[in-house]
Amino acid sequence: MLQLPPVVTFRVDLFLVLVTLLSLWTRLSNLGYPNAVVFDEVYYGQFVSLYMKRVFFIDDSGPPLGHMILALGAYMGGFDGNFVWNRIGAEYPSSVNVWSLRFLPALSGALCVPLVYLLTLELKFSHLSALGASLLLLLENSLIVQSRFMLLESILIFFVLLAFFSYLRFHNSPDSGSRFLWLLLSGASCAAAVGVKYVGLFSYLLLLGVAFLHTWNLIGDRTISHLSVCVECVCRGVCVLVVPVLLYVFWFYVHLSLLNRSGPHDQLMSSAFQASLEGGLSRITRGQPLEVAYGSQVTLRSSSSQPIPCWLHSHKANYPIRYENGRGSSHQQQVTCYPFKDVNNWWIVKDPGRQELVVSSPPRPVRHGDVVQLVHGMTSRFLNSHDVAAPMSPHAQEVSGYIDFNVSMAAQNLWRVVISNREAESDSWKTILSEVRLVHVNTTAVLRLSGVSLPDWGFRQLEVVADKMFKSHSSSVEWTVEEHRYGTSQEQKEREVELHTPTHIDVDRKISFWAKFFELQLKMLTMKQEDSEHKYSSSPLEWITMETNIAYWLHSSTNAQIHLIGNPVSWGVANLSLLAYQLLAAFYLMRRRRGFKDLPDGVWCQFVCLGCVCVGGWLVNFVPFFLMEKTLFLYHYLPALCYLHLLSPALLEHAHSHLLSSATHRHALRFCASAVLLSIFLSYRTFGPLTYGNPELTANQLQGLKWRASWDILYRHR
Amino acid sequence: MLSVRWALISMEESMKQWSTTDDTPKVRQRNIRSTGERKASTTLLKDKNCQTTGLVSKDDPRSSNGTCGRSAAGGRVGGDPAGVLLLMLVMGMSFSTRFYKISEPPHVCWDETHFGKMGSYYINRTFFFDVHPPLGKMLIGLAGYSTGYDGTFPFSKPGDKYEHHNYWGMRGFCAMMGSFLPVFCYLIVMELSLSHTAAFITATLLIFDTGCITISQYILLDPILMFFITAAVLSMVKFNQQMYRPFTAPWWLWLVLTGVNLAGALGVKFVGLFVILLVGLNTVWDLWRLFGDLSLSLGEITKHFLARVFGLILLPFLLYITIFAVHFVVLNKSGPGDGFFSSAFQSRLIGNNLHNASMPEYLAYGSTITVKNLRIAGGYLHSHWHLYPEGVGEKQQQVTAYLHKDYNNLWLVHNQDDTKSQSGTPNLVRHGDIIRLEHKETRRNLHSHLHEAPLTKKHFQVTGYGINGTGDANDLWQVEVCGGRKGDPVKVLRSKVRFRHRATGCMLFSSGKTLPKWGWEQVEVTCSPYLKETPSSQWNIEDHINPKLPNISLSVLKPHFLEILLESHIVMIRGNSGLKPKDNEINSKPWHWPINYQGLRFSGVNDTDYRIYLLGNPVVWWMNLACLGLYLVMVAVASIALQRGFLMGHKRREHCRVLRKDGGLLLLGWLLHYAPFYAMGRVLYYHHYFPAMLFNSMLTGITLDILLKSSDLLLHPPYCDWLQKVGQMVLLFIILYSFYLFHPLSYGMTGPLAHEPGNAMTGLKWMDTWEF
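If you read the sequences in order, they're chains A and B. Take the first sequence: its letter number 579 is residue 579 in my numbering, and every next letter is one higher. Here my numbering = 1-based position in the second sequence + 718.
Any given hint might turn out to be false.
Computed footprint of chain A on chain B; a stretch qualifies when at least three of its residues, placed anywhere within it, have a C-beta under 8 Å from a C-beta of chain A [as the list claims (entries may be wrong)]:
hint, region
1, 902 to 911
2, 998 to 1012
In silico DSS-like cross-links for lysine-lysine, where the CA-CA straight-line distance does not exceed 30 Å [said to hold, decoys possible]:
hint, chain 1, residue 1, chain 2, residue 2
3, B, K879, A, K468
4, B, K875, B, K1379
5, B, K1123, A, K468
6, A, K630, B, K879
7, B, K1379, A, K597
8, B, K1123, B, K1113
These are computed hints drawn from the structure, not numbers from a lab. Please read all numbers here as calculations on a predicted model, not as lab measurements. Just so it is clear, CB atoms sit at the ideal spot from N, CA and C, and this is done for glycine as well.
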């Protein structure tokens, strides 16, 4: 007999539902407005377009996950990548689904609000505090602005909060079976956070620190057997260390498998990398003979891409007899490095013992240690070096195309081929794969790209020298054969024709994913950022007091505009609670040290945990910016700000239940809190027009919103 | 050499034997300490060693045992002949290795060209500018002065022969400072680990490190700096040891000595800040410990706190200021560093054109002037025969700010229209007047226009324009005296003047950013559209030449001592951050250093030269690096063992304590002296690592000692002692042999380079990057 009917019990946290709905409404409503490129959309948009076209690019601002998420949104909206991202404020054509471009960042921004609610609960504070924290986040104008456009901060914040939430869920449920799933989720979100922006690394490190402390306590727990401690530690290690690393690599794997066509950034990469991309170099190099033989026609690319990638080049112009500073030269033909493809980049590898400039059959490959001469294809000059100071780097030798002026300057045109990445001593010189040093036989100097531009007489091309003193691991002495074919014509005229015809035949050359991953990662980390000052850039100290704002968008004809301005009241509250926490923590610590236990141990733990996550999170997301040399903006502060919004209500609750004893004081506190909340709401309403760009304000109203003299709000005089 | 080595080994051996035969008191002490661990320290107090110290037993048994052991070791110098002998041996070896061939090579080596020169400046009392605080150079100067060097040698470039000049005094002084390093490190490790072996390993590593020898043998700041650093750490450690006898005479002595050495370290180089940080952290930790000691009243804790504030903050600060006071008093003559400082500063210097200056009081038309920016280390308004390069605004003549005095700093003041007669008494320039500034040398006018400035993109470019003084309307500038009213004349030196560009309304501005190579690394000058009054947009007229006007004396500019102090610090800090790596130079990176990647050429390049190469003994350095990793493993194992509550004997527990506490202190020292370099933007050199290397060597001593002593984990009693002995011997032999191999690096090589046959160093070029 069935005693009870089948029952499904729902428990719905109405607070949670309410804040979720509100946050979806504030973040997602009218997402398509303005129908124009807003601020950094112009930057991220170009990458989204490249994803749609599957064209390879490098962006040194961060790992690829964030870009891929943006691209996913665009893909779902049917964006085809055909839009020129060239200026802020440009109108989107009707073919572009703006809503879908902005949907994913806005959604993650909206989900941050319920996450904060849950996170506060996991920090073991009450539902009321949780509601407070989520309201602070909900009414934070700067977060709304940052979420509503195709930008990455909201995604980053979402993953960071998710990581902490799931870690604490793991920690707070010691016996449940699914706890390691939470830890796994935490590790995955950490990987995602780091994958969106490198700044996520700091939050990850903080989480690792907290996890380490907890694990350390576990190790100290002598009631658990050694074996189970070991197993537990290994499991935790896998979840928060191994999984994130693997996932991080996985983002790159997806990135590289998506982008398989050559594009504008190709030249920053090595020849082998370029050859793995469709089109571009691989179209040219496909089917080239692999081994360089005597008589081969080659182009030599410098392995160093500093300052720009270039090819060994010569042309019918001589070094000036005297330089500007009075030094003399050999007046022989210039040899330079030229950053563009050109017929003058072709050189012929010649056997010093023979006259022929064609490949014999069978071809005789050049091996490591062989001595060769290099003949310039178009001018037939021999690559030469001698004891004459180079034009721009006088400590090094000049390299020239040899002309015999009969001034007792003999030709010194023998070069030894040293393959740096050889596997055996008898290795042959391979196209694209071999990195080769050309050692001058007479002087043991090495052919090197100095990286200095020549003056006008050298057409601003890059200087090439032969240098005895060089860093042995510097890539500037390494050269790679990029284009290659076997020469067939002995006559100069025929050869010129031959050199002008492009090469192609078919073969596929692969480099492994790991090689590509490490190359790309290294390039991203070492690429020099141009230290450009931006009109709205700011320094970290200005963020705390919100000295600056950023104008994101201005309507092309009216005063409607969008600014990144935070809610001034809640920023003030955040700063106050940060200060209050530190003072309170110092006070408690000193008292405990002197043996006064003001708080029961459970409450103290809760208080410390709050500090570790919130103040710690603020610190790791704020302090590192002081050491960074790149251009900084106000939006870099937003992750740190979220932690402070998490802190304020929790601190208030702490004060309410542990600091204030009399009922009147508590009433007063509650009243104050409500008043502050109300004023936060009012200031949110006040700055709403600058957040949503709607409705348009008059110049006077805008003037009224300029609460700080340093804010830059634009008026249009009509 | 060989015989010396043998003697050393046999001496060491005999000492070991001696200590094993005479080990009874030690054993007894250990037994007692282990029993005292468990019981109250009643038996402990009966022990003779402890009674003599007059120890007051505390409620924490372990720490009281520690102190007992410590005081037993502290009495070492008086009571333990083995300790005295070892210390004498270390001292003797240290001094003999540092002073051997001290006068070779008899020419200027590497940075001697700077620091020797600065020593001479002190002797000659000429003012100069350097990015380091003055104490080190003053000591060098003093050493030179007292050994009969007269300050006449120019030290103009490395390789110059000293000839008859007395340079050995200065070198000897530095070598003496450097000779104390192994001794101090020996004592520090002794205090921390209470182990002769650990201390002796450390001392051997440092004595036979070619890098430490080389850097101590020349006129450099580093030996002096490291002397103060190690002395500060030593006194700090000694002070820690006195913690159960607060406010006694030795307690005060070590506290004050710590403070004095901190001041010394900071007074030599700003790197001294790191050791201040180390001592500061240690003190905070110590205070926190005291604060948690409930047997102390708050009053006593306040006393402790104030004593440390006095000894470690106020005293060093006063000493540091005193150093600068002496510096300013000694250097009272004008010299090459004048231009870095403000006009007021320069008026102090005898021989400077501003000293007791007399010039026309008010700026007039037709005068030749120099214009100096008012920001500290601001530079003179300057122009020269070079154009802005393509792509940087208009391709017109550069206008920059330049820190040195130069005839290209001279400008002529002209009226708005030249037509006015130049005869008779010239008219004065007044607030609100519109003038034209003509560069005297190139005869171009100061000009600005609506093109963006080279570095500060929000500002406008300033150029030199026009031919022979004829330009256009963009050459006109309005003179504004800060705080002045219309019609006020412009006072030379005393008025703060701003130049407002007539056409665009912007202000002449010096951004303080260094231009790239095309601008000769001078400072950018722009025209700022922001009209806020900042020192960057304020200028003063410094030189003023007008034969038609009467000169008056200006004795108005006597700056206050604190103003000079502040200004010289800002100038130093600017100078330090201005030492940016050049484009085409090979830079040393911090990660190069611990792996001994590349050294520094001190002297000689070619095979005919007498060559000195600063490079650490690779065996020592790599051993240090390996021990750093080993230490981390060992401390992790020890910590986990403690945390899991494994049962350990007393000896093992003592090892854990040394590893965690004292090893931790040394590791912190290493980190503080190494990690900050990663965040520095300035040019870095290999020798910056040496202070960190000292800490690393001390850590190595402790680590290896404990590793060898833990050999009983592997083998049973008699064998483990043998293993320990064999290990120590092998270690000593390796260090000595590697020193024998690499000693030519420090004591000089001649003949062919190392990659060619026939040289003492053939086959020893283990890394391609070593250049010897």
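Here's how the hints hold up against the structure:
no., hint, verdict
1, 902 to 911, "violated (count 0)"
2, 998 to 1012, "holds (count 4)"
3, K879(B) x K468(A), "28 Å, holds"
4, K875(B) x K1379(B), "47 Å, violated"
5, K1123(B) x K468(A), "39 Å, violated"
6, K630(A) x K879(B), "47 Å, violated"
7, K1379(B) x K597(A), "28 Å, holds"
8, K1123(B) x K1113(B), "26 Å, holds"
Hint compliance for this structure: hints 1, 4, 5, 6 are broken, all remaining hints hold.
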